[in-house]
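Visitor: Hey, can you work out the whole structure from these sequences and the hints?
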Amino acid sequence: DAGVIQSPRHEVTEMGQEVTLRCKPISGHDYLFWYRQTMMRGLELLIYFNNNVPIDDSGMPEDRFSAKMPNASFSTLKIQPSEPRDSAVYFCASRTTLAGHTIYFGEGSWLTVV
Amino acid sequence: KNEVEQSPQNLTAQEGEFITINCSYSVGISALHWLQQHPGGGIVSLFMLSSGKKKHGRLIATINIQEKHSSLHITASHPRDSAVYICAPMAGNQFYFGTGTSLTVIP
Chain H
12 DAGVIQSPRH EVTEMGQEVT LRCKPISGHD YLFWYRQTMM RGLELLIYFN NNVPIDDSGM
72 PEDRFSAKMP NASFSTLKIQ PSEPRDSAVY FCASRTTLAG HTIYFGEGSW LTVV
Chain L
3 KNEVEQSPQN LTAQEGEFIT INCSYSVGIS ALHWLQQHPG GGIVSLFMLS SGKKKHGRLI
63 ATINIQEKHS SLHITASHPR DSAVYICAPM AGNQFYFGTG TSLTVIP
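Quick note, the sequences are listed as chains H and L, same order.
According to the working numbering, the first sequence is numbered sequentially starting from 12.
According to the working numbering, the second sequence is numbered sequentially starting from 3.
Source of the hints: derived by calculation from the structure; they are not laboratory data.
All values reported here derive from a predicted model rather than from experimental measurement.
Treat the hints with care, since some could be wrong.
Just a few of them, taken from the derived set where beta-carbon distance is under 8 Å, the chain L residues facing chain H [what the hints assert, rightly or not]:
1) S47
2) L48
3) L61
4) I62
5) S84
6) N95
7) Q96
8) F97
9) F99
10) T101
11) G102
No residue lacks a Cβ here, since even glycine has one placed at the ideal position from N, Cα and C.
Guide: Below, the structure written as structure tokens:
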């Protein structure tokens, strides 16, 4: 299995631009998580889906952030408009209840907003 | 309020040394992960445990549910073990993350 695949790996964008981060979970996994990692706050859960349905989005910082999971093999995290304080590493992770609680992370998307 | 406390925050060790990283948490959990993150790299789950002890190569993880405490041990440490180690207790589908322990192993 290819693991959790994220794109882009690195993105530099100007303030005010729209940013879309993409994630392909491991096939067969029914949970998908979006996390943000910064030096100041460490890892934070933004949102997670179960069977493509958003379950908990309380970690989404504000309305500029949105996430979708149109099918079991694809999810997006969108920031519009982006701000410099959104600069962080965004991780997607997935797991299946069939394999206990083991979670698998993608390589992360490194976002810099200038 | 920090649900997860890790210690130490930073650790430098000589190659071959035995290393212990501690994690205390305040939430009721169903399981606990130890995660490893190399500089500039992704995050890998080293262990997921809900009781007792697990061993994988030179790595050993223990958990005491009653005391809400877990430890990660590295025997015969090696420079390639240099990474950030993150304790992540799990309650339901919610992970609580420690701030991480940055380990540097010097040859």
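Visitor: Next, verify each hint and record whether it holds.
Guide: Hint by hint, here is what the structure shows:
Contact between S47 of chain L and chain H, as hinted, is supported at the beta carbon level, the nearest pair being about 6 Å apart and thus within 8 Å. Annotation: L48 of chain L was flagged as interfacial toward chain H, and the flag is violated, the nearest CB pair being 11 Å apart, outside 8 Å. Taking 8 Å as the C-beta contact cut-off toward chain H, the hint placing L61 of chain L at the interface is violated, the least distance being around 15 Å. For I62 of chain L, the suggested interface contact is broken, since its CB lies about 18 Å from the closest CB of chain H, more than 8 Å.
Annotation: S84 of chain L was flagged as interfacial toward chain H, and the flag is violated, the nearest CB pair being 18 Å apart, outside 8 Å. Nearest Cβ of chain H to the Cβ of N95 of chain L: about 6 Å, under the 8 Å cut. The hint holds. Nearest Cβ of chain H to the Cβ of Q96 of chain L: about 7 Å, under the 8 Å cut. The hint holds. Because the smallest distance between the Cβ of F97 of chain L and any Cβ of chain H comes to about 6 Å, under 8 Å, the interface hint for this residue holds.
With a cut of 8 Å, the hint placing F99 of chain L at the interface with chain H holds, because the nearest CB-to-CB distance is about 4 Å. Here the hint on T101 of chain L is kept, as its CB sits about 5 Å from the closest CB of chain H, short of 8 Å. With 8 Å as the threshold, the beta carbon of G102 of chain L comes within range of chain H, its nearest partner Cβ sitting at about 7 Å, so the hint holds.
Comparing the model with each numbered hint stated earlier shows that hints 2, 3, 4 and 5 do not hold.
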